[in-house]
Structure formats: structure tokens, C-alpha cells
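Undergrad: Take these sequences, add in the hints, and give me the full structure.
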Amino acid sequence: MMTNLFSIFEPSSSLINLPLNWLSTFLGLMFIPYLFWISPSRWSLLWDKINLALHKEFSTILGPTQKSSTIIFVSLFSMIVFNNSLGLFPYIFTSSSHLAMTLALSLPLWLTFMIFGWVNHTQHMFAHLVPQGTPAVLMPFMVLIETISNVIRPGTLAVRLAANMMAGHLLLTLSGGTGPSLNSYLLTILILSQILLLLLESAVAVIQSYVFAVLSTLFASEIN
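Using this note's numbering, the first residue of the sequence shown is number 1, and each one after it goes up by one.
Simulated from the structure, these hints should not be mistaken for laboratory data. Glycine is no exception: its CB is placed at the ideal position from the N, C-alpha and C atoms. Among the clues, some could well be false.
Unchecked claim - Calculated lysine to any residue pairs in the SDA-like style (CA-CA distance at most 25 Å, straight line): (1) Lys56 x Ile72; (2) Lys49 x Leu62; (3) Lys56 x Tyr210; (4) Lys49 x Ala163; (5) Lys49 x Ser39; (6) Lys56 x Ser78.
Stated by the list, open to error - Okay, the calculated beta carbon distance ranges per label pair: (7) Arg42 x Ile148: 40 to 50 Å; (8) Leu45 x Arg160: 30 to 40 Å; (9) Asn183 x Leu144: 58 to 68 Å; (10) Val137 x Leu174: 44 to 54 Å; (11) Leu171 x Ala100: 14 to 24 Å.
TA: Below you can see the structure in the form of C-alpha cells.
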């Protein structure tokens, strides 16, 4: 019996303690050996095509001088999509629905970009605070607005991913909790709606991983 609706997101339970629950974050590493088979499977070929498409898109965003950096963002996408997808299975802890996990991904990336940009491209970073064509009267306000929008970037990245993953799980839990009190006709409708919600959550898991990786790539492209 749940004492709280959000208890489904607690990283500890009576069966699995806290450290082992968070280790589910690294379940995606189990898929790496498939990439080294002599004869690749269809899933490996499909994943290679996805990685190649992401590499081309991230290379376009970063420009020709930072093409080698795409491996960071492709790996970031892979890690998040594995965590989001595995979290849809029963009894697997969804670490990407916690701000502790999403902030641990977005904050170090943002800090790295900012330190590199301000140390190596100081004038460019100062110029980025004032958009081209801004009237002189509005420049102080634009600097303030751009500074605030820049500072909250890691928070918005983290909250967007965690909130989207948590919202879908809550919706599935709320709708599934009404099952025991329904008759057979309504129960059939509930099961069909749960399947549709699960398909929607699968799409959200991929889309949010892609959004997180693309926005991180855009932040990196602004420092050069």
C-alpha cells in the first residue's frame, strides 16, 4: 500500500537497497558486447545507423571545427534513452526521473562549456550577451536577461527530462490504480488505454533523450 503517490519514485524498497537500485542506471552497459560480435545483429546495424544519423546532425550544429566532439553527445543520448526505456519495465528503477540524476548530467556539461568559453573566447562570450542590433538603451536589460537565461540552462535541462519522465509514470500509476474497482467492460478499456499510454511513454523516452542531447549540442556550439 502506497503511503504517498510519489513513493513509486523512491530509490529504495524492501527488496532492493539504495545502492543496488541506482546501479540500474548502468544496465545499458549490458548491450555493449553486442557491438563486438563478428556478425552484427539487426539491432546492432539499426543502432549504428541511428548513431551515424545523430553524428551527422550534431556535426552540422557544432560546425567543422568541433566534429570530434559529437561522440560526447551521441553517448549522452544513448545513456539517457537506455535509462528512459528500461524504466518502462516493471520493477526497474527509473533514475532519469530524479533531479539528482538529470542535474548530474546537465550541470557538469554546462559548467565545462562556460569555463572553456570564458577562458578561451572571452570577447565572444561578452558579445553574446547583447544580440546584434539591440538599441543602446536596452543593452543593460538585455545583458541581465541573457545572463539569467544562461544561468538557468542546466536547471531547465534537468527539470524538463525529470518532469516528463515522472509525469508519464504518475499517469500510468493513477490510471492503473483504479483497475480493481472496475467491471470487466471498463477494465478492458483501461487495459487498452494503458497500452496506448505505454506507447506514448516509449515515444517520450526517445524524444526527451533527443531533446536533451540536441540542446546540450546547441549550448556547446555557442561558445565557439
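Undergrad: Hint says 44 to 54 Å; check whether the CB-CB distance for Val137 and Leu174 agrees.
TA: holds, 51 Å
Undergrad: Quickly compare the C-alpha distance for Lys56 and Ser78 to 25 Å and report which way the hint goes.
TA: holds, 15 Å
Undergrad: Taking only the CA atoms, is the gap from Lys49 to Ala163 under or equal to 25 Å?
TA: violated, 29 Å
Undergrad: Given the range 40 to 50 Å, decide if the beta-carbon distance of Arg42 to Ile148 lies inside it.
TA: holds, 48 Å
Undergrad: Go ahead and decide if the range 14 to 24 Å is satisfied by the Cβ distance of Leu171 to Ala100.
TA: holds, 22 Å
Undergrad: Do the beta carbons of Asn183 and Leu144 sit within 58 to 68 Å of each other?
TA: holds, 59 Å
Undergrad: For a C-alpha distance cap of 25 Å, please report whether Lys56 and Tyr210 respect it.
TA: holds, 14 Å
Undergrad: Is the distance from the Cβ of Leu45 to the Cβ of Arg160 consistent with 30 to 40 Å?
TA: holds, 31 Å
Undergrad: Is the hinted pair Lys49 and Ser39 satisfied, with a Cα-Cα distance of at most 25 Å?
TA: Given that 25 Å is the threshold and the Cα spacing comes to 16 Å, the pair holds.
Undergrad: Do the alpha carbons of Lys56 and Ile72 lie within 25 Å of each other, as the hint requires?
TA: The hint holds at about 13 Å.
Undergrad: Are the Cα positions of Lys49 and Leu62 separated by 25 Å at most?
TA: Measuring from Cα to Cα gives roughly 20 Å; hence the hint holds.
Consistency with the previously given hints fails for number 4 only.
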